[in-house]
Amino acid sequence: MSIRSQLLKGILDGCVLAVIEMEPVYGYELSQKLLNIGLADVSEGTIYPILLRLQKNGLIRGEMRPSESGPNRKYYFLTEKGQEALEVITEEWKQISKPVSELLAGRKEG
Amino acid sequence: MNAKKLIEENNIKRESLNPENQAYYSDLLIYIRLKFSLSEQQSEEVLMEMLDHLLDGQNAGKTAKDIFGDDPRGFADEIIEQIPKEEKRKLIPFIGGIIANIVGWVLIIRGILYLVLSQFTEVKTEVYPFSTLCIVLFIACFVLFMVVFIFKLIGRSLFNEKSTTRKDSIRVCLVAALGMTAVLLIGKFLPDIGPSFDFSWLASLLLGGILLFVIYVIKLKKA
Chain A
1 MSIRSQLLKG ILDGCVLAVI EMEPVYGYEL SQKLLNIGLA DVSEGTIYPI
51 LLRLQKNGLI RGEMRPSESG PNRKYYFLTE KGQEALEVIT EEWKQISKPV
101 SELLAGRKEG
Chain B
1 MNAKKLIEEN NIKRESLNPE NQAYYSDLLI YIRLKFSLSE QQSEEVLMEM
51 LDHLLDGQNA GKTAKDIFGD DPRGFADEII EQIPKEEKRK LIPFIGGIIA
101 NIVGWVLIIR GILYLVLSQF TEVKTEVYPF STLCIVLFIA CFVLFMVVFI
151 FKLIGRSLFN EKSTTRKDSI RVCLVAALGM TAVLLIGKFL PDIGPSFDFS
201 WLASLLLGGI LLFVIYVIKL KKA
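Protein sequence lines correspond, in order, to chains A and B. Position one of the first sequence corresponds to residue 1 (the working numbering), numbered consecutively onward. Position one of the second sequence corresponds to residue 1 (the working numbering), numbered consecutively onward.
Please keep in mind that the hints were generated in silico from the structure rather than gathered at the bench. Owing to the predicted nature of the structure, the values given are computational and were not obtained by experimental measurement. Hints may contain errors.
[Said to hold, decoys possible] The following label-pair restraints were derived from C-beta to C-beta distances:
1. A:63 - B:177: 31 to 39 Å
2. B:128 - A:57: 22 to 30 Å
3. B:151 - A:88: 40 to 48 Å
4. A:5 - B:59: 25 to 33 Å
5. A:2 - B:221: 32 to 40 Å
[To be verified] Computed from the model, here is a short list of chain A residues facing chain B with C-beta under 10 Å:
6. 27
7. 43
8. 44
9. 48
10. 55
11. 62
12. 66
13. 73
14. 88
15. 90
Heads up, the beta-carbon is just placed ideally off N, CA and C, and yes, glycines get one too.
Work out the full structure, taking the sequences as your base and the hints as a guide.
This is the structure:
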């Protein structure tokens with residue numbers, strides 16, 4: 001596994017929740033949105049174990065409804081608990097990312 | 001949408017996969033469905049999502065390997081780990097139904113067999129509940145063992161890792177033959193213990209018929 005995908009693994013839950021927060025999505029849409037954001041280092045299938053886990057923990061819920069292209073798809077919605085979890089993750093990420101960015105940006109060139 | 005409808009839809013949609021993707025997806029599907037302790041509804045839902053995803057990906061020129069990775073078994077294990085377990089109250093009627101079905105048919109076959117045989121020879125229709133129970137329990141354990149054994153072998157044969165179909169078939173036959181021999185031997189040599197009662201062919205046939213009828217009615221009501 002590349003360093004990047006290892007780093008990503010820990011924060012992917014947060015990314016998935018954040019995408020779902022913007023608007024309800026189904027699996028394929030979600031993977032395309034993650035790709036478009038620039039998170040191309042996880043295989044698309046990886047979202048399914050994550051979606052199952054988030055569902056089991058009550059952070060999101062799935063609902064069958066017709067998609068734009070016609071057939072029924074399982075759309076995921078953020079629950080209240082998911083909203084709270086996303087706030088926590090966002091806060092934690094800020095606390096880690098800022099010092100790490102500063103530390104790594106401050107390295108001596110060479 | 002319930003699990004049965006999802007399975008039907010899955011069967012139709014799967015036809016649109018190209019051979020390579022179909023091979024990959026089918027193994028994934030069998031591997032997940034073999035875990036019968038998992039919630040059927042949840043399993044079928046995620047299987048449908050992945051099929052939809054694969055079909056969308058196929059239209060965009062991607063393969064199953066691109067989407068789900070090079071390690072289908074590892075991926076399937078990750079999925080399985082996250083699918084909730086089936087609730088026990090759903091499992092009990094399911095297993096109970098199977099057992100009642102088998103008992104019903106055994107009683108009917110016994111009834112017919114004894115009716116035919118009694119035309120030619122004298123048949124002993126006495127039944128020793130305790131001895132019968134011992135044999136039934138042994139058969140039940142044997143069947144359970146066979147099911148788990150066969151599921152294990154199928155699970156191992158998936159994802160093109162080791163193709164040992166011939167060897168596996170021989171193995172299953174051998175174990176089944178051994179088990180049947182044991183059943184017959186126990187039936188022959190188990191002494192008649194405890195009280196007994198007369199169980200005629202007619203009673204056997206009727207009881208079996210009633211049992212199957214009840215199962216049929218329950219099934220009809222559920223559908």
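- Query: Which numbered conditions among the earlier hints are violated in the structure presented, ordered from lowest to highest?
  - Reply: 1, 2, 5, 12, 14, 15
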